[in-house]
Structure formats: C-alpha cells, structure tokens
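There are 2 protein chains.
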Amino acid sequence: MSNNFADRLTDGIRSKGAPIAVGLDPQYGRLPVAIREDKEFNDELDTEAAIDAIFEFSTKVLRIIAPHVPAVKMNIAFFEKYYSEGIEAYYSLIEEADNLGLEVIGDVKRADIPSSNEAYAQAHLANPEYTDMEDLLTPDAITLNPYFGIEALNPFVKICREQGKGIFVVVRSSNPEASAIQEIVDAEGKKVYERIAEQVASIADDAELVGVNGYSSVGAVVGASDAEAASRLREIMPKSIFLVPGYGAQGGGADAIKACFKDGAGAIVTASRSIIYAYERDEYKEASSWEQAVEQAVADMKTQINQMINAK
Amino acid sequence: MSNNFADRLTDGIRSKGAPIAVGLDPQYGRLPVAIREDKEFNDELDTEAAIDAIFEFSTKVLRIIAPHVPAVKMNIAFFEKYYSEGIEAYYSLIEEADNLGLEVIGDVKRADIPSSNEAYAQAHLANPEYTDMEDLLTPDAITLNPYFGIEALNPFVKICREQGKGIFVVVRSSNPEASAIQEIVDAEGKKVYERIAEQVASIADDAELVGVNGYSSVGAVVGASDAEAASRLREIMPKSIFLVPGYGAQGGGADAIKACFKDGAGAIVTASRSIIYAYERDEYKEASSWEQAVEQAVADMKTQINQMINAK
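Chains A and B supply the protein sequences, listed in that same order. Note that my numbering has the first sequence beginning at 1, numbered continuously upward. Note that my numbering has the second sequence beginning at 1001, numbered continuously upward.
Derived by calculation from the structure, the hints in this document are not laboratory data. Do not rely on the hints blindly, as some may be mistaken.
What the hints assert, rightly or not - Listed next, the stretches of chain A that the computed footprint assigns to chain B, with coverage defined by at least 3 CB atoms under 8 angstroms from CB atoms of chain B: (1) 46-57; (2) 61-72; (3) 83-89; (4) 115-124; (5) 149-162; (6) 178-187; (7) 195-201.
A virtual CB, placed ideally from N, CA and C, is assigned to each residue, including glycine.
Modelling step: build the complete structure from the supplied sequences, incorporating the hints.
Have a look at this one:
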C-alpha cells in the first residue's frame, strides 16, 4: 500500500468506483430501535449504555459500507460528548475501519498556535510514539481549521510528509452562518476563502506531499453549495483533493458537486446522516432491515454521484 | 456565587487583585526532575507514567496558584495527546481546580457547523446530562474558533445563557502566522479580525449574558502583540472580557496589554510556560524548590501586570 495518503485515497476511489466518504456522526436518539432495545439499560442518559449502542451500530455501519466506499469520516464531536469513554470508542472504531480496509478521516477541525498544534498532531494524526500504545491507530487524515494561519499548521504537514498522512483544511464550509467571515471580500475583490485557498495551494504543491496520481496529501474542505465558488477553488487548488460536505442532509446541488471534480477525479463527497440513518427516510421504509436501508442508500448515492460527475 | 460567568470572573479578578489566568500546558519532558524521578517508570514514552506525573505536577501547580489568581486555562491539546486517558486526567483536573475555587477556562478552540457544535457544547461546556456522570465537571468557559461563523456558535451561547457559562471567541491570536488570514483587509479598510470583533460584540450585548458588573459571558481572545489593534478591539467589543495570551513565552508588550483593559478591568492575561516552568528560568534558579519558583513567578507576574495596567 502506498505511503502517500493522496495516492491511497485516489486508488481507493478508483477501485471502488465511488468518490464517497460516509460520515459517522452517531447520535444515540437516532439509532435503530433494534440496537437500543437490545442494550441492558435502554437509556440515553447512561453513558455506558449509550456508548455500547453507538459502538455496536458504528461497527455494523462500517461493515456495511466497507465494500462500497473507500473512506469513512468520523466526526469526533459525537464521541467527545461522552468524555474519555467516547474517545476510547473513537479510537477503537478507527481500528475497526482500518481492519476493513477503509481510509479513515478524523473530522476533528483542530487548530491553534504551532506549539499546541504539535500536541494536537500527536493526538490525532501521528503514529503513537508511546511504547504502551503501539497498537493504537490514529486516522489517515484529519480536518483542520485555517484561522490561526496555514503556516501554523506545519506540525501537521510534517506528519503528512514523514508518516504518509493527510490533512483537509476547511476552506469553504457548507453552513450558511460561515459567509459572515469566509465571504469577506478584500480590496482586490478576493474572498477570504479564496485567500485561504491560495495559501493551501502553496503548501500542497510540494514534491514530498504529491503522490504518483498527481494529488497532494494536503487537501481542502469545500462545501457543495455554490458551483461557481467550487470551480474557482478547483482552479486555485489544482493539486488538492476536495473533501465535499453538503450532500444529503446539508443539501448540496449536483452542479456544485460536479464542479469540485477535475476530469471526474480529485474529490470525495461525504454524506453522514442521510446514509447512516437511511432507515428514517421515506424512500427506504420498505427495506427489510435498517442494515439493508443503509446499504441501499450507499448504493444509490454512488449511482447519483457518478451521474453528477459524468453529466454533460 | 453568581450564576453569570462574567460576574464570577470579574469578582475573582477583583478579590485576588490579579487579572491573570495561569495556563496549564503540561509537557512531560519539562516537568521537574523530582516528579519525573518519583514515578515507577521514569519513561516519557509510557502513557501511564507520563499521565501520572503530569497529574501530580498539575495538581501541585493548581494548589500553588489558587491563592493568587482567579482562573486557570487548561489547554486540552496537551491532554488529548494521551488519548482517552489524557481526557480523563483533563476532567479530573477541572474538578481539582473547581475545588480550589478557581474559574476554569477550557482552552479547546472548537468550532464546526451547528449540529456538530451542539455535540461539542455537550462535551466541553454544558453540565453533564448523563445520570452516571453527574459528578463530572465541565469548564466554566471555553475558547472557540470563529471560522464557521459567529452565528454557528449559538449552541455554545445557549449554554452560556442557560447554565451561567462563558465563551471566548478567538478574534486575534498571538502567533505571527495568523496575520495571513486575520489581517486581510476588506474593501472598507477593515481587517478580518475587526469584522469578527463586530460580530462577537453583537452577540455579547444581550441582557441574558451581561452580568451586574457590566461584562458579557461572551468574551474574546485578543493577543497582546499590538497596542493599536488592542485599543481598536477594546472599542469594538466594550462588553467582552478579553482573554489575553502573549505574555511571557509569547512575548507580549506592556502597551498592548494595557490597551486590552478598560479602566483597569475587562481583561485577563494568560501566561503558561513562563509560570508553570518557572524553575527553568535564570531568574528563579535560586528558588529553594520548583514549587517556590512557580509561586514567585506568579507573584512577579501579578506585580508586573498591575504596573502595566496602572502605568500612565
């Protein structure tokens, strides 16, 4: 297996025919009744019962999706809410996902000044340096926030270079509240997210980070809410893989998703709630089980995304 | 005790005569030899030994500083690097600090889209809603990142209102790399950090958040690297308490620190490494113990900050 994250991810996308990362944002209240009722304490307010149920659900979801998609995006917020035990479950699920051959993207959105980023890089991206934690696995890539400056993210970039890991810097997020900062326009008419994109492009274009497939292990989060913005960002960051939220629950449009790709490659679309809670959706009410609903939703998303990319 | 965070913090600053929050960024390699040698495994690469030593050091530091300062700022990055066990230590230390009467600021720098922010608010700011975690304590306030938009931070603001907690939004950070984004100038000549400050001011000025002392539980992180910038931000955000990094290791100037205050109030300066590792500093080489060096460094900082604030 390649020691370049961008190569591993693009190879995975190609071999599965699916530029899709399923997002794992497990919430106890939305788990299938079958799983909640099976627990000794059917009680959302008991952390042990909740984590138990979330772990069982998540491992099943991973097994369902692994044959169909190359990657899973795990949102750490939904594990942090269970404190240290939630974090234990988070790292255990990374191991499960890795065993299934999935690339794991830790959706951690971290950033601080460089000395703190070193500690965060150790926590979330670097291979453990502790002798008693040798077996613990960290994600293959993580998401990062640009507000402390792209250069402040160097401790993470260093791990990408040295350990074949990846990062996705949030350039343009998919939530409407973000425009108040990300769309501020500078004196030359450039938006803040374009300025960030230029900086991401400049660190991404580095021989030690760019793989044989032509993509860099320094990628970008680009929301699929505006086709024009996506095309512009695609031009500014030619070597970065786009991690594209905004499909499904967040409502991304087909044109905007297509615009994140370059000749059908270089992007991976994420969907979280619309897939993992597919059994709540009307179109999957007829499924024979919640598992079948999830599997069908992944298959349908794969078809839809490929249609979008290939549309004239 | 007041159920408004801003009141609790400003009362604490007044009663201790110290607008200071000591930053706890524990790093095993810098701990006093006396503590490291005392451990069963004197081994930085053994998480159990490292956390043990960090916990012992941190509880001692908390006891030393508690009589002198109103607050401690705990940087979660240095706990996350020890995975779930580090997080367990983080929450235990919050309890220790609370028992000592300190306000606890969790330096977590979180932010994401609103649905994820709800989970982060549950993890880091809200009182636990789990029946088996009733005794766990979360911080009194946390730091947040503005890049997803100030309005996206509403789940945290809601907890401030309902549970008497606080937030500090990073407006202008103290690291030089940040200027590439925070100092982008818009078409009207305003910098990005000023635009963020305006948005922070608009949510801070809310009757449910402003305490009897006139300050809001929605504060701002304002680095002390530029007096002019600090004065301008002081004007834009009259009701926000400024959490001011950049003293000590990060080298903040006296003028810039003074400019963060309004009539000697409304700000709290943080110092981390220069205090907790005071025993490494030449001026404290004569101290009879590492504990005495730390205590003297806090006392000296208190004198210096008060001189800065009161300087003509």
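Any hints from earlier that this structure breaks? Give me their numbers in increasing order, please. 2
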